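Protein chains: 2
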Amino acid sequence: MKEISQAELEVMKVLWRQAPQTANQVVEQLADASQWHEKTVKTLLNRLVGKGAVSFEKDGRAYLYSPVLQQPEYQLRESQSFIQRVLSGRLAPLLAGFAEQQQLKAEDVAELKQLIAKWEQEQK
Amino acid sequence: MKEISQAELEVMKVLWRQAPQTANQVVEQLADASQWHEKTVKTLLNRLVGKGAVSFEKDGRAYLYSPVLQQPEYQLRESQSFIQRVLSGRLAPLLAGFAEQQQLKAEDVAELKQLIAKWEQEQK
DNA sequence: CATTCACTATTACAGATGTAATCTTTGATA
DNA sequence: TATCAAAGATTACATCTGTAATAGTGAATG
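These protein sequence lines map, in sequence, to chains G and X. Numbered by my numbering, the letters in the first sequence go through residues 1 to 124 in order. Numbered by my numbering, the letters in the second sequence go through residues 1 to 124 in order.
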């Protein structure tokens, strides 16, 4: 799988929220947030198909697009490469970055606690 | 400060380990690890100077290069942007992935606990 | 059935990036 | 002092990216 660019990632996010979707559905969602022209979004969709990250099936005149690459896999892969490349293999600086942004919500903390509990179970 | 590309980052890492260094010192360290031609490394150094991430002072015929952008700042900035761009501001999915791959280390968990403790302090 | 739309496919083009090669300058050497 | 060699500066060139515009095609409409 080829690398996915930043602009392409925004398109993937839309497809990850819901799939399949027509090009126009994707365009609409991105028009709000990003000011992108319809043609731009369609180019990005095409490139993603070329890269094997998105597939489509015909539905009459239009196509229905779906992600091939799934978000959890993408996030894991990118995180691992980011941690190696930028953080020299250490997760801690990333957590620190998170802390400084002060954007932890109660819900997140609960989730993190659960993760820790599970992890500690497995260590025994 | 402009973005630093992946190849440029490798040059920064060498300068972060030690500074100042001549172009040739940098070249030598990268020749081992990366197969880069001398000219390539010098181009990267130049681009980094152009981007304001590296400075130099003359030392006779050669230049001595030093990082302007420091590694901790770079790591923090990149981490925050990565958290937003790739993780949509949420840490849990990433950690879940790591846990699943048994890549979560005790050190990471300790850091995570601290993060949570700090958060809980702030809530009071 | 001919024409027009609405889609997709193809093409465009400038700036960034990877990866060097060539040009210019200047200190070192014969 | 004239020449050479090594540093940095400039130029090169294919890809990738961001951001569209234009061309082609088949389904819907008059």
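Hints are computed from structural coordinates only; laboratory data are not their basis. Quantities reported herein were computed from a predicted structural model and do not represent experimental measurements. It is possible that some hints are incorrect.
The list treats identical chains as one, so a pair stands whether inside a single copy or across any two.
As the list claims (entries may be wrong) - Derived lysine-lysine pairs resembling DSS-like cross-links, with alpha carbons at most 25 Å apart:
(1) K113 x K2
(2) K118 x K105
(3) K124 x K105
(4) K39 x K2
Hint by hint, here is what the structure shows:
Proximity of K113 to K2 under the C-alpha cut-off of 25 Å is found in neither arrangement, the shortest distances being 35 Å within a copy and 36 Å between copies. Proximity of K118 and K105 under a CA criterion of 25 Å is satisfied in both settings, with 20 Å inside one chain copy and 13 Å between copies. For the homomeric pair K124 and K105, the shortest alpha-carbon distance between copies (14 Å) is at most 25 Å, but the shortest distance inside one copy (29 Å) is not. For the homomeric pair K39 and K2, the shortest alpha-carbon distance inside one copy (22 Å) is at most 25 Å, but the shortest distance between copies (27 Å) is not.
Violation of the numbered hints given earlier is confined to hint 1; every other hint is satisfied by the structure.
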